[in-house]
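Novice: So you can see what is in the structure, the chains are spelled out below.
Protein chains: 2
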Amino acid sequence: MSQTQAFPNATRGETRTVQIREVGPRDGFQNEPETIATPDKIRLIDALGRAGFKRIEVASFVRPDVIPQLSDGIEVLRGIDLPDDVDRMVLIPNSRGLDNALAVRDLFEEATLFVSASQTHNTKNINRSVEETMADVAVMGKRIVAEDLTLCAVIATSFGCPYEGPVPMDRVLDLAEQFAAAGATEIGFGDTTGMCNPAYSRAFFEAAIERLPGIEVTAHFHNTRGQGLANAYAALEAGCRSFESSFGELGGCPVPKGSTGNIATEDLVSMFHEMGVDTGLDLAAVIEAAREAQSTLGRKLTSHSIVAGPVTWYPAS
Amino acid sequence: MSQTQAFPNATRGETRTVQIREVGPRDGFQNEPETIATPDKIRLIDALGRAGFKRIEVASFVRPDVIPQLSDGIEVLRGIDLPDDVDRMVLIPNSRGLDNALAVRDLFEEATLFVSASQTHNTKNINRSVEETMADVAVMGKRIVAEDLTLCAVIATSFGCPYEGPVPMDRVLDLAEQFAAAGATEIGFGDTTGMCNPAYSRAFFEAAIERLPGIEVTAHFHNTRGQGLANAYAALEAGCRSFESSFGELGGCPVPKGSTGNIATEDLVSMFHEMGVDTGLDLAAVIEAAREAQSTLGRKLTSHSIVAGPVTWYPAS
Numbered sequence: 001m002s003q004t005q006a007f008p009n010a011t012r013g014e015t016r017t018v019q020i021r022e023v024g025p026r027d028g029f030q031n032e033p034e035t036i037a038t039p040d041k042i043r044l045i046d047a048l049g050r051a052g053f054k055r056i057e058v059a060s061f062v063r064p065d066v067i068p069q070l071s072d073g074i075e076v077l078r079g080i081d082l083p084d085d086v087d088r089m090v091l092i093p094n095s096r097g098l099d100n101a102l103a104v105r106d107l108f109e110e111a112t113l114f115v116s117a118s119q120t121h122n123t124k125n126i127n128r129s130v131e132e133t134m135a136d137v138a139v140m141g142k143r144i145v146a147e148d149l150t151l152c153a154v155i156a157t158s159f160g161c162p163y164e165g166p167v168p169m170d171r172v173l174d175l176a177e178q179f180a181a182a183g184a185t186e187i188g189f190g191d192t193t194g195m196c197n198p199a200y201s202r203a204f205f206e207a208a209i210e211r212l213p214g215i216e217v218t219a220h221f222h223n224t225r226g227q228g229l230a231n232a233y234a235a236l237e238a239g240c241r242s243f244e245s246s247f248g249e250l251g252g253c254p255v256p257k258g259s260t261g262n263i264a265t266e267d268l269v270s271m272f273h274e275m276g277v278d279t280g281l282d283l284a285a286v287i288e289a290a291r292e293a294q295s296t297l298g299r300k301l302t303s304h305s306i307v308a309g310p311v312t313w314y315p316a317s
Numbered sequence: 001m002s003q004t005q006a007f008p009n010a011t012r013g014e015t016r017t018v019q020i021r022e023v024g025p026r027d028g029f030q031n032e033p034e035t036i037a038t039p040d041k042i043r044l045i046d047a048l049g050r051a052g053f054k055r056i057e058v059a060s061f062v063r064p065d066v067i068p069q070l071s072d073g074i075e076v077l078r079g080i081d082l083p084d085d086v087d088r089m090v091l092i093p094n095s096r097g098l099d100n101a102l103a104v105r106d107l108f109e110e111a112t113l114f115v116s117a118s119q120t121h122n123t124k125n126i127n128r129s130v131e132e133t134m135a136d137v138a139v140m141g142k143r144i145v146a147e148d149l150t151l152c153a154v155i156a157t158s159f160g161c162p163y164e165g166p167v168p169m170d171r172v173l174d175l176a177e178q179f180a181a182a183g184a185t186e187i188g189f190g191d192t193t194g195m196c197n198p199a200y201s202r203a204f205f206e207a208a209i210e211r212l213p214g215i216e217v218t219a220h221f222h223n224t225r226g227q228g229l230a231n232a233y234a235a236l237e238a239g240c241r242s243f244e245s246s247f248g249e250l251g252g253c254p255v256p257k258g259s260t261g262n263i264a265t266e267d268l269v270s271m272f273h274e275m276g277v278d279t280g281l282d283l284a285a286v287i288e289a290a291r292e293a294q295s296t297l298g299r300k301l302t303s304h305s306i307v308a309g310p311v312t313w314y315p316a317s
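Residue numbers (UniProt numbering), protein chains in the order written: chain A, 1 to 317; chain B, 1 to 317.
Read the hints as simulated data drawn from the structure, not as lab findings.
Please note that the accuracy of each hint is not assured.
Keeping only pairs whose Cα atoms sit at most 30 Å apart, straight-line, the calculated DSSO-like set for lysine-lysine is [what the hints assert, rightly or not]:
(1) B:K54 - B:K142
(2) B:K300 - B:K257
(3) B:K124 - B:K142
(4) B:K142 - B:K300
(5) A:K142 - A:K54
(6) A:K257 - B:K142
(7) A:K142 - A:K124
(8) A:K300 - B:K142
(9) B:K300 - A:K300
Counterexamples of contact, computed for chain B against chain A with all Cβ distances above 12 Å [claimed, not checked]:
(10) E34
(11) R63
(12) P68
(13) L82
(14) D85
(15) V104
(16) N231
(17) V307
Bear in mind that the values here come from a model prediction, so they are computed numbers and not experimental data.
Each residue gets a CB set at the ideal place from its N, CA and C atoms; glycine is no exception.
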């Protein structure tokens with residue numbers, strides 16, 4: 001997606017082709033308690049590339065002492081061997097992170113800035129107010145766009161905050177407009193602790209698409225209470241055509257304690273393919289990558305398709 | 001629900017009140033590898049009664065040597081202490097089972113007959129052709145109605161068969177009409193091995209409601225590939241107002257091997273309540289019953305709400 005091309009958000013009934021960004025290598029790995037060896041990360045990301053993803057979130061430029069698991073980000077970016085048409089995304093937490101990222105500017109195509117829609121969550125997450133963060137965004141956004149990188153945004157706690165409760169839709173969409181003004185061409189809405197429901201998802205994405213013409217509106221759901229795919233289906237019905245998910249159901253925010261986080265990419269792809277929605281992905285290869293992650297991490301992952309596989313519509317012998 | 005009262009299937013946009021039948025004590029317990037002690041079953045069913053269920057599937061009149069886990073059905077029916085307005089449902093596999101059930105006719109209010117929509121699944125399940133089964137249904141249905149019991153039906157593999165693949169919608173709805181002709185006032189459609197998707201769910205339930213005026217149309221989904229709640233949401237959107245689910249995500253058909261089966265009642269209730277859909281249930285009490293089942297069975301259950309609890313919308317301290 002170039003920065004200047006408007007994203008074709010769809011309305012119900014139109015032909016359905018969706019974009020899925022795989023976020024497991026950053027948002028997923030980040031939450032693993034055991035350190036994953038750099039060569040393992042590289043091998044798994046290359047497997048994702050072979051599954052057909054055109055967008056993968058690969059690394060974060062957070063301080064290594066804050067998230068040691070991701071301290072090998074540049075090594076990972078250097079080691080992976082993805083097809084030329086795959087966009088590598090990196091997460092930028094602040095100006096220092098942006099400095100470090102731009103020092104290796106040729107290793108990625110997409111840079112993501114983020115904020116939490118709720119004041120308390122933003123403060124607890126990055127120790128700054130929402131207003132301070134958005135002031136930084138305006139400055140960092142300009143630098144990212146000037147480098148001819150794609151500027152993406154993520155708004156966390158878009159559907160509710162574990163500390164503040166309800167988060168007004170208008171507040172979230174106002175922040176989205178600020179990101180768009182800063183040069184973002186894609187804006188993702190994160191259900192950080194799984195508080196969304198399908199009725200709200202539908203209403204939210206209808207409103208977001210209307211308020212953000214030409215912007216790629218991305219749904220990032222968690223499966224905290226088992227409703228992740230229901231929310232994704234509702235967003236699709238609302239016209240959303242861009243999704244983020246994590247292979248193996250890795251990572252995301254485990255709140256309340258012990259909860260699962262991100263929706264599993266292979267479950268999302270399975271649902272979309274069964275509905276006739278084109279993802280451009282090879283489901284069997286996605287499942288294979290997730291199983292490889294399970295084997296590498298040495299623990300049973302919670303994705304359903306890892307166990308059940310794709311639906312088989314031919315008669316079994 | 002009396003036999004003669006038409007069920008108010010709804011169309012989109014109307015006020016939403018749903019019925020949820022808890023099927024864990026039969027469909028759930030049936031799949032447990034370890035024998036559950038009769039007093040434990042009774043204690044768990046009584047807990048479900050306190051959670052507000054008005055319909056509970058309690059027992060099956062299958063041969064004890066076929067499903068030993070359910071051989072204490074009559075003892076369970078005698079031991080439970082449910083409020084007077086709770087309908088106790090029993091599953092009737094054949095005429096012999098019906099004889100045995102009618103010998104204790106005062107212990108239940110609803111009797112369920114079933115068939116698989118696909119020939120191969122029906123043969124493997126009960127060793128009879130679909131036609132033979134439906135001939136039995138006509139005879140058994142009359143006997144059940146004559147006893148002033150509510151006759152319910154379940155059509156397994158309504159959304160796909162693991163042996164035959166696709167199952168035509170018309171074939172399923174023809175069988176539903178045969179059940180209605182036999183006196184059934186409620187007809188459930190089972191996604192036995194989790195092959196449905198939300199787009200098909202929506203189309204199917206729109207068609208079923210149109211084809212079966214006055215009949216209560218019930219959705220029975222499995223979470224085999226994580227899409228169970230998405231399918232339930234789509235059925236709700238199509239006008240379906242009657243659902244079956246299992247507390248703790250217990251039971252259902254583990255095909256492919258190792259898969260999860262029934263959707264978890266507490267996850268379904270959580271989704272409905274968040275959407276403003278009235279279930280008449282106390283979600284905290286449903287979760288409590290599921291946690292008690294987890295503790296009694298001594299293994300980690302797969303329900304999400306057991307871990308995450310309900311969404312909390314008030315600010316946390």
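Novice: For each hint, tell me whether it holds in the structure or not.
Specialist: Each hint tested on the structure:
| no. | hint | result |
| --- | --- | --- |
| 1 | B:K54 - B:K142 | 25 Å, holds |
| 2 | B:K300 - B:K257 | 18 Å, holds |
| 3 | B:K124 - B:K142 | 26 Å, holds |
| 4 | B:K142 - B:K300 | 43 Å, violated |
| 5 | A:K142 - A:K54 | 25 Å, holds |
| 6 | A:K257 - B:K142 | 53 Å, violated |
| 7 | A:K142 - A:K124 | 26 Å, holds |
| 8 | A:K300 - B:K142 | 50 Å, violated |
| 9 | B:K300 - A:K300 | 13 Å, holds |
| 10 | E34 | 20 Å, holds |
| 11 | R63 | 27 Å, holds |
| 12 | P68 | 26 Å, holds |
| 13 | L82 | 27 Å, holds |
| 14 | D85 | 29 Å, holds |
| 15 | V104 | 37 Å, holds |
| 16 | N231 | 8 Å, violated |
| 17 | V307 | 5 Å, violated |
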